[in-house]
Amino acid sequence: MSEIIEIEHLKRRFGSCEAVNDLSLTVPEGSVFALLGPNGAGKTTTIKVMVNIIRPTAGRAAVLGVDSRRLGPAQFRQIGYVSENQDLPAAMTVRQLLDYCRPLYPSWDADFAASLVRTLDIPLDRKIAVLSRGTRMKAALVSSLAYHPKLLVLDEPFAGLDPLVREEFAQGVLELTGQQQWTVFLASHDIDEVERLADWVAMINNGRLLLSESVSSLLARFRQVEVVPAGESAALPSLPATWLLPEQAGRTVRFFDTKYEPDGSAALVQQVFPGAANVNAEPMSLRAIFVALARANRVSTLS
Amino acid sequence: MRPIIHQALKDARLLRWLLAAWLLVLLLYHGLAIAGLLIPGSVILSRATGQSYASLRTGFPAANMVLGWLGVAAFLVLCASLVQADSPASSTAFWLTRPISGRTMVASKLVFALVVLVGLPLALDVLDLLVAGAGGPEWRSSGNWLLLGWSLATQLVWLLPLLAIAAVTDGLAQFVLIVIFEVLTFGALVGLLQSVARSWLPHQGMSIIALFVVFVPALLLVAAVVLAHAYLTRRHTRSVVMVAIAPVFLVVVFVVLPWWPLLRQAPAPPAGARRPDATSMSIGVDPAGWRVVQRSEDLVDLVATLVITGLPDDTTVNLNGQGWLTTDSTRLAVSGSSSTLPYEFQRAPAGEGSRAQVAPEFRMTLGRSVFERVKGHAATLQINVTAIRSRTLASTTVPLAAGATYRMGEVRGEVLDVARSAGRLLVAVRETAWSPYALNADSILWALRDASGRDVTADWSDGWIPFGWDEWWLPVPRHLSLNWWVRRFGPPPGTTWSGEWPRGWQIIVIRRAWMGQVSKTVYVRDLRLDALPGAQGQEP
Numbered sequence: 001m002s003e004i005i006e007i008e009h010l011k012r013r014f015g016s017c018e019a020v021n022d023l024s025l026t027v028p029e030g031s032v033f034a035l036l037g038p039n040g041a042g043k044t045t046t047i048k049v050m051v052n053i054i055r056p057t058a059g060r061a062a063v064l065g066v067d068s069r070r071l072g073p074a075q076f077r078q079i080g081y082v083s084e085n086q087d088l089p090a091a092m093t094v095r096q097l098l099d100y101c102r103p104l105y106p107s108w109d110a111d112f113a114a115s116l117v118r119t120l121d122i123p124l125d126r127k128i129a130v131l132s133r134g135t136r137m138k139a140a141l142v143s144s145l146a147y148h149p150k151l152l153v154l155d156e157p158f159a160g161l162d163p164l165v166r167e168e169f170a171q172g173v174l175e176l177t178g179q180q181q182w183t184v185f186l187a188s189h190d191i192d193e194v195e196r197l198a199d200w201v202a203m204i205n206n207g208r209l210l211l212s213e214s215v216s217s218l219l220a221r222f223r224q225v226e227v228v229p230a231g232e233s234a235a236l237p238s239l240p241a242t243w244l245l246p247e248q249a250g251r252t253v254r255f256f257d258t259k260y261e262p263d264g265s266a267a268l269v270q271q272v273f274p275g276a277a278n279v280n281a282e283p284m285s286l287r288a289i290f291v292a293l294a295r296a297n298r299v300s301t302l303s
Numbered sequence: 001m002r003p004i005i006h007q008a009l010k011d012a013r014l015l016r017w018l019l020a021a022w023l024l025v026l027l028l029y030h031g032l033a034i035a036g037l038l039i040p041g042s043v044i045l046s047r048a049t050g051q052s053y054a055s056l057r058t059g060f061p062a063a064n065m066v067l068g069w070l071g072v073a074a075f076l077v078l079c080a081s082l083v084q085a086d087s088p089a090s091s092t093a094f095w096l097t098r099p100i101s102g103r104t105m106v107a108s109k110l111v112f113a114l115v116v117l118v119g120l121p122l123a124l125d126v127l128d129l130l131v132a133g134a135g136g137p138e139w140r141s142s143g144n145w146l147l148l149g150w151s152l153a154t155q156l157v158w159l160l161p162l163l164a165i166a167a168v169t170d171g172l173a174q175f176v177l178i179v180i181f182e183v184l185t186f187g188a189l190v191g192l193l194q195s196v197a198r199s200w201l202p203h204q205g206m207s208i209i210a211l212f213v214v215f216v217p218a219l220l221l222v223a224a225v226v227l228a229h230a231y232l233t234r235r236h237t238r239s240v241v242m243v244a245i246a247p248v249f250l251v252v253v254f255v256v257l258p259w260w261p262l263l264r265q266a267p268a269p270p271a272g273a274r275r276p277d278a279t280s281m282s283i284g285v286d287p288a289g290w291r292v293v294q295r296s297e298d299l300v301d302l303v304a305t306l307v308i309t310g311l312p313d314d315t316t317v318n319l320n321g322q323g324w325l326t327t328d329s330t331r332l333a334v335s336g337s338s339s340t341l342p343y344e345f346q347r348a349p350a351g352e353g354s355r356a357q358v359a360p361e362f363r364m365t366l367g368r369s370v371f372e373r374v375k376g377h378a379a380t381l382q383i384n385v386t387a388i389r390s391r392t393l394a395s396t397t398v399p400l401a402a403g404a405t406y407r408m409g410e411v412r413g414e415v416l417d418v419a420r421s422a423g424r425l426l427v428a429v430r431e432t433a434w435s436p437y438a439l440n441a442d443s444i445l446w447a448l449r450d451a452s453g454r455d456v457t458a459d460w461s462d463g464w465i466p467f468g469w470d471e472w473w474l475p476v477p478r479h480l481s482l483n484w485w486v487r488r489f490g491p492p493p494g495t496t497w498s499g500e501w502p503r504g505w506q507i508i509v510i511r512r513a514w515m516g517q518v519s520k521t522v523y524v525r526d527l528r529l530d531a532l533p534g535a536q537g538q539e540p
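Listed in order, the protein sequences are those of chains A and B.
The opening residue of the first sequence carries number 1 in the working numbering; numbering runs sequentially from there.
The opening residue of the second sequence carries number 1 in the working numbering; numbering runs sequentially from there.
Read the hints as simulated data drawn from the structure, not as lab findings.
Each statement offered as a hint is correct.
Below, a list of computed lysine to any residue pairs in the SDA-like style, where the Cα atoms sit at most 20 Å apart:
| no. | chain 1 | residue 1 | chain 2 | residue 2 |
| --- | --- | --- | --- | --- |
| 1 | B | K375 | B | R525 |
| 2 | A | K127 | B | S81 |
| 3 | A | K11 | A | S212 |
| 4 | A | K127 | B | R16 |
| 5 | A | K11 | B | S91 |
| 6 | A | K127 | B | R13 |
| 7 | B | K375 | B | V524 |
| 8 | A | K11 | A | V66 |
| 9 | A | K127 | A | E84 |
| 10 | A | K150 | A | Q75 |
| 11 | A | K127 | B | A12 |
| 12 | A | K11 | B | H236 |
| 13 | A | K11 | A | R70 |
| 14 | A | K127 | B | Q84 |
| 15 | B | K375 | B | D298 |
| 16 | A | K150 | B | R98 |
| 17 | B | K375 | B | G323 |
| 18 | A | K150 | A | A74 |
| 19 | A | K259 | A | N280 |
| 20 | A | K11 | A | S24 |
| 21 | A | K11 | B | R235 |
| 22 | A | K127 | B | W17 |
| 23 | A | K127 | B | L15 |
| 24 | A | K259 | A | E213 |
| 25 | A | K127 | B | L18 |
| 26 | B | K375 | B | A288 |
| 27 | A | K11 | B | T237 |
Chain A extracted, bound-state conformation:
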């Protein structure tokens, strides 16, 4: 699988604020890649550098094999971009917006656009200025999908949407991802939606990359572990670095194992807590993994 986005040691500074710091990641072609992170983590900045809205301070990002600073009309004919931070021409109706976009894209598929409008239930003749936030996002999505882009970039597409619209939006993206052979790059802090959509995930916090791997691999290697050591309660021994946020409540010790494998992890637990009889390793949701990593990152930053 080739890489449709390659980011190498990317830095972006705004004054003294490091919005993105030494970020490196790759996005496989055909994947639905989610960039997760809390507010202010650097997701939107990363995307803006990727699509040449802003320039990197250092490092580089390549999209469709082209340095982001050199992205031009030829590349943008293959990139769809939907962002909560994008200003749609408010004085236009949705129909006028689509009419305006059509000549810009040789691959514009009017039938596909019409079917998207029907599917997403968008009023064509209302001005964008009077549309709800969700409908505006859907209109932007149609204007970004109708030309069958190779890469669809979604920046916080679910922000501020009510559950019904969010469901429609996610469902639309999911269905289309199945039908079209495109790559989706999605930045969000809405982990539940990401878990439904993404097959590849990266997490960033404070501009730094915490992890980047496939969702299945991530879910397989993270476990929330509870251990009741043998004997009386005592201070925690030295724990492996791959066990995050260890806590002790009474005799029970809890931590997040980031390198879980059924046999090896059990042996390691026995090595650290000899004679521990009660060991429980529960699979974690993406949300739990994200929260654990974010907390661990905060703890390490504070310490």
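On the provided structure of chain A, position chain B as indicated by the hints.
This is chain B only, laid out in the frame that chain A set:
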């Protein structure tokens, strides 16, 4: 080209309501101007002598001014909206992630601006011109082409900088603030420069043309570079810095470039002509000619007779001055001007211009309470009198009859009415031209010429320019210029008019252009101001 037109059409659609409002203002403005052309001449004269004259006089200019400023405001908003609809300064603009290059975008903005914001006003100008009766030979007039160029340049001088500022700002409020900042900064720099080097920016003669010739390209260059830079690189900070230092750059252009010392030289006199020599001119006060006249209940006029000698040939003077009236305990600022200008005509015989010219009514106005403070004291008057020299550029004659028309250069004139009132002759004339430059009211000189060739100047004149005067330096609307004049001619000194209209007389219209000015300081010592206000014409 197709993407550029596609973008320009999109802009036209987005801005259609604003465009419609702007066009409505333009059409009203030009429509009013054209309506002014169609008012019958007899109405003008009868109103000039009657009560409704005042309302006519104030009504048209007021509408003209309101529409003019509305047009300018709409133009400003259009410029800002045009660029900021696809702003290169915003990181949320829609076009940034669409297959539209910066080059296409800036080209589309320029095409729209040139076609709509420049082309439409020019088309309306042409319509005005046709209605005003200019056609055929006028189109071949070099002056008209010059005015066309001037008109275009004025439009561009506003357009490009406004587009450039819009390209580095986000929102109308920020745009307006930066426009004000730029204008104030440039004005402050020029003011500072003039205060430390007074000769830096002379305002007369060729220097004003040189100023325009250099200033316009420099300004357009800066604006074009900022606009292109903003769209092609989208390096916002750099663009903002360029805009911030633009006023400094423009001033440096004037000061540093080697052309400036050349242009500061006075233009060479025409071959065979005697160059006006300021040092040969002198202005004196006839000591016997002093009077104190009560102008109104609150105002007192000090009236002096000035004598000017050493005037070069082919020169006229227009006197005004400022100075001080000083007693032992008081120092008063005074200013004055001549209400009876000693015009000398083009056809004066060579050498006659150097004879002494007398301005018997040089008036300096004081408040009555101020006058009371100096009354009875010995005072010294020090007044700096400025004589504005001008050279006749063209002249023509026209029959003294309603409906008679004349053309002179780019100006078309029509005698609206001729009437007799209280032993004097009233003549109303309407003049039109494409540009107010051609209708410089201060440079118009009229005289009646009798059958023997003797001229009689007007003893009273009043006129107003309902269109195209106040807004000549603004982008739109400003093009059709329309003057209405009413002039009153009295009989020549020592004669009386009798019977019917003076037969065989003509109106002479002489057009002139300012060429320079000379200032002389006049001292009058031991002046006693003893006259009581109310005692008309008493000598001190």
